[in-house]
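Asks: Below, each chain spelled out in residue letters.
Protein chains: 2
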Amino acid sequence: MDNDKPRLAIDMDEVLADTHYKFLTLFHRDFGIPMDLHQEPGKELHENLPEEINGQWELYVNEKGFFRDIPPMPYAIDTVKALSEKYNVYIVSAAMEFRNSLEDKFDWLGEYFPFIEWTNILFTGDKIISANILIDDRTRNLKNFNGRKLLFTSPHNLLFKEYERVNNWQEVAELLL
Amino acid sequence: MDNDKPRLAIDMDEVLADTHYKFLTLFHRDFGIPMDLHQEPGKELHENLPEEINGQWELYVNEKGFFRDIPPMPYAIDTVKALSEKYNVYIVSAAMEFRNSLEDKFDWLGEYFPFIEWTNILFTGDKIISANILIDDRTRNLKNFNGRKLLFTSPHNLLFKEYERVNNWQEVAELLL
Numbered sequence: 066m067d068n069d070k071p072r073l074a075i076d077m078d079e080v081l082a083d084t085h086y087k088f089l090t091l092f093h094r095d096f097g098i099p100m101d102l103h104q105e106p107g108k109e110l111h112e113n114l115p116e117e118i119n120g121q122w123e124l125y126v127n128e129k130g131f132f133r134d135i136p137p138m139p140y141a142i143d144t145v146k147a148l149s150e151k152y153n154v155y156i157v158s159a160a161m162e163f164r165n166s167l168e169d170k171f172d173w174l175g176e177y178f179p180f181i182e183w184t185n186i187l188f189t190g191d192k193i194i195s196a197n198i199l200i201d202d203r204t205r206n207l208k209n210f211n212g213r214k215l216l217f218t219s220p221h222n223l224l225f226k227e228y229e230r231v232n233n234w235q236e237v238a239e240l241l242l
Numbered sequence: 066m067d068n069d070k071p072r073l074a075i076d077m078d079e080v081l082a083d084t085h086y087k088f089l090t091l092f093h094r095d096f097g098i099p100m101d102l103h104q105e106p107g108k109e110l111h112e113n114l115p116e117e118i119n120g121q122w123e124l125y126v127n128e129k130g131f132f133r134d135i136p137p138m139p140y141a142i143d144t145v146k147a148l149s150e151k152y153n154v155y156i157v158s159a160a161m162e163f164r165n166s167l168e169d170k171f172d173w174l175g176e177y178f179p180f181i182e183w184t185n186i187l188f189t190g191d192k193i194i195s196a197n198i199l200i201d202d203r204t205r206n207l208k209n210f211n212g213r214k215l216l217f218t219s220p221h222n223l224l225f226k227e228y229e230r231v232n233n234w235q236e237v238a239e240l241l242l
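Protein chains in written order, with our numbering: chain A, 66 to 242; chain B, 66 to 242.
So here's chain A without its partners, still in its complex pose (with noise of 0.2 angstroms):
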């Protein structure tokens, strides 16, 4: 553990991993979903999709292999990998909610973020953890965080105002760096 730099604790989905982007392909392999649907603001990606076919998500989220071919956000390695020098850069992410994303969440992370030590990984629950900054789209896991909290912005989160936001890891590079 090094202590003397500030502790950045960052979230995986929809944050470091384009999570929706996958949704997508997987949607429109199977329903023919246009890859640019429209996401309406303050909505779950699958609440824009007809209510028949709208459950499928859970089925998707469940399966083996979900989570290990979801690109990368646009910059977000680059980002990270600087950050790493400046921060000492924690990934939490919640993936305790779904037994078959474990394996896959951490060797996608062995793939893209080779330099995150396994030390630095956390798979959670709640995030009750103790950081300095925490980087996350969910204000859920915002709201009981004891540090500077940073809303990622998605289509999902884009209601909520009381949050300091950033739109994507540029912004996040120009913040933090």
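Calculated directly from the structure, the hints in this document are not laboratory data. One or more hints might be untrue.
Claimed, not checked - Going by beta-carbon spacing under 10 angstroms, a handful of chain B positions derived as facing chain A: (1) G130; (2) F163; (3) E168; (4) D172.
All values reported here derive from a predicted model rather than from experimental measurement. Beta carbons are placed, not taken as given, at the ideal position from N, Cα and C, and that holds for glycine.
Model the placement of chain B on the given structure of chain A, informed by the hints.
Replies: Just chain B now, with coordinates in the frame of chain A:
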């Protein structure tokens, strides 16, 4: 997240799970090591074994299945169940060290501690958690923790004198219930 109760974080190996017993059954099976091997205070289990076989522990621990059939510690289940009434209990295991332990540990908890929800399970590297109490057998996990630290006795930690110590789950029950 139940915010009304104090948060009690509990380690897995050598605290909830009798991991030493599992190691001994494998060293016994493969090398005839006696199940009642004398364990020198302050030494890791494998440091009590002949040099030509003691590196084997790393192979065991990285095998799929190693963490799946470990016996729970005596009185751990009933005590944790009772503690759950009074505390918001989180299970916090440094599982990230062994990629192949993730699913096994998740399934093991589901079998023996089904009353612990996924929200209350954390698999970590460093235990950078925010809680009121942490029960752990590793001083490296207690060292940087900000709450009350309870060192759960294990042969390897017998020489540490500077921590509040609990020797078994009956003692935890007496202290915290």
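Asks: So, for every hint listed, does it hold in this structure?
Replies: Okay, the hints, checked on the actual structure:
This hint is violated: G130 of chain B has a C-beta 14 angstroms from the nearest C-beta of chain A, more than the 10 angstroms allowed. Checking F163 of chain B against chain A: minimum C-beta separation of about 9 angstroms stays under 10 angstroms; hint holds. The restraint placing E168 of chain B at the interface with chain A holds, with a minimum CB-CB distance near 6 angstroms, inside the 10 angstroms limit. The restraint placing D172 of chain B at the interface with chain A holds, with a minimum CB-CB distance near 8 angstroms, inside the 10 angstroms limit.
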